[in-house]
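Q: The chain contents come next:
2 protein chains.
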Amino acid sequence: MLILNPDVEKYVQGLSEVEDSIILEMEEYAQSRDFPIIGRQGGRLLYLITAVKKPRLVVELGSGFGYSGYWFAKALTDGKVVLIDYQEKNIKKAQEFFQKGNLTDRAEFRVGDAVQIGQEYRNIDILFLDLEKVRYLEAVKKLEKNLSDDGLIIADNVLFQGKVISQPENKKAKLLDQFNRYMSEHYFSVILPVRDGILLAVRKT
Amino acid sequence: MLILNPDVEKYVQGLSEVEDSIILEMEEYAQSRDFPIIGRQGGRLLYLITAVKKPRLVVELGSGFGYSGYWFAKALTDGKVVLIDYQEKNIKKAQEFFQKGNLTDRAEFRVGDAVQIGQEYRNIDILFLDLEKVRYLEAVKKLEKNLSDDGLIIADNVLFQGKVISQPENKKAKLLDQFNRYMSEHYFSVILPVRDGILLAVRKT
Chain A
9 MLILNPDVEK
19 YVQGLSEVED
29 SIILEMEEYA
39 QSRDFPIIGR
49 QGGRLLYLIT
59 AVKKPRLVVE
69 LGSGFGYSGY
79 WFAKALTDGK
89 VVLIDYQEKN
99 IKKAQEFFQK
109 GNLTDRAEFR
119 VGDAVQIGQE
129 YRNIDILFLD
139 LEKVRYLEAV
149 KKLEKNLSDD
159 GLIIADNVLF
169 QGKVISQPEN
179 KKAKLLDQFN
189 RYMSEHYFSV
199 ILPVRDGILL
209 AVRKT
Chain B
9 MLILNPDVEK
19 YVQGLSEVED
29 SIILEMEEYA
39 QSRDFPIIGR
49 QGGRLLYLIT
59 AVKKPRLVVE
69 LGSGFGYSGY
79 WFAKALTDGK
89 VVLIDYQEKN
99 IKKAQEFFQK
109 GNLTDRAEFR
119 VGDAVQIGQE
129 YRNIDILFLD
139 LEKVRYLEAV
149 KKLEKNLSDD
159 GLIIADNVLF
169 QGKVISQPEN
179 KKAKLLDQFN
189 RYMSEHYFSV
199 ILPVRDGILL
209 AVRKT
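Note that the protein sequences, when read in sequence, are chains A and B. Take any residue in the first sequence, count from 1 to its spot, add 8: that is its number in my numbering. Take any residue in the second sequence, count from 1 to its spot, add 8: that is its number in my numbering.
Worth double-checking, as some hints may not be accurate.
It does not matter which identical chain is used: a pair holds within one copy or between any two.
Stated by the list, open to error - Capping the alpha-carbon separation at 16 Å, the derived lysine to aspartate or glutamate pairs in EDC-like fashion look like this:
(1) K61 - D158
(2) K18 - D185
(3) K150 - E35
(4) K212 - E152
(5) K179 - D113
(6) K62 - D133
(7) K62 - D158
(8) K108 - D185
(9) K171 - E33
(10) K62 - D157
Since the hints were made in silico from the structure, they are not lab data.
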């Protein structure tokens, strides 16, 4: 199921040149391995939101080899981003890219269960969800108490290639739909049709 | 030209209930008069960005009867939004809605040329462009010096029903495309495929 008109995607992509060669290298790394990443537009959105919010602590659940984390780190003026992934080889690769980009001083690298490790952190200004899709709801329920008062939650893949709509019985799609409904009920949330669907949410006031 | 899959739009809309009856009234007012507004998703995005950024001064160029301004005002914790429109009857209608919603203390209402009036303000934290499409580039060039250091520019309709892609020779589409290119070159900008295209931009660092 096509979420966005491909011509629109192409137009927007054409206006999104990147000067940082490490970003390009990471995109090539992802493409050659079919490793799912948030994509150029998603990464740019993370950068912009970070530049606007100026968070001191960003915690990522499910960092892969660090593509999204790299965009967060680039935009930080203060503070750090914590990258967590259960695969050591992903985190090692992330560290390599961060070293090349001179961003290691803004990052912390952790290997293990993201939901468990994430709970060690308090006053999270941005919580980024990109772990196994079946765990989104569990993750937000376990970690919402660790958010700062004006904390922001960002979740990737919330439209799941459109399957939350076209295949509502698909197990992952069903759980993501439940997550989206929970977020809509308990937070002020917005789903942006950027690539695979990115949700942004703040506390209701 | 369809920008977004209508099923996705419907799904997202279903997760975007609004409790404020004034918003609903404004949406009905727009619909019954075919008055172009940024729409529910766009309005919610403005609210979320405002909640994240906590601006003290929002200046709108082209406020219509106040739909976008109302979303900005709802999200403000401090400061104000300046609504500017060249039609007195639009601004009067906006004032009515703001009164009903108890938001007049967070707003200033101005009638006249938006680009000219906008220049009276300094340290603009969010500059919102929704005036005549042929004037976007002129507006940003004349007003960029009035932005605060970490000011954010938000522009509606930057995809112009997809015509920036499908009808590049259309006069308005051409000028919007030039605006998009200017923003991509001089700012860090992101185009979100929300309804008619919403651009967010901050200064490059």
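Q: Under the constraints set out in the numbered hints, which ones does this structure not fulfil?
A: 3, 5, 8 and 9
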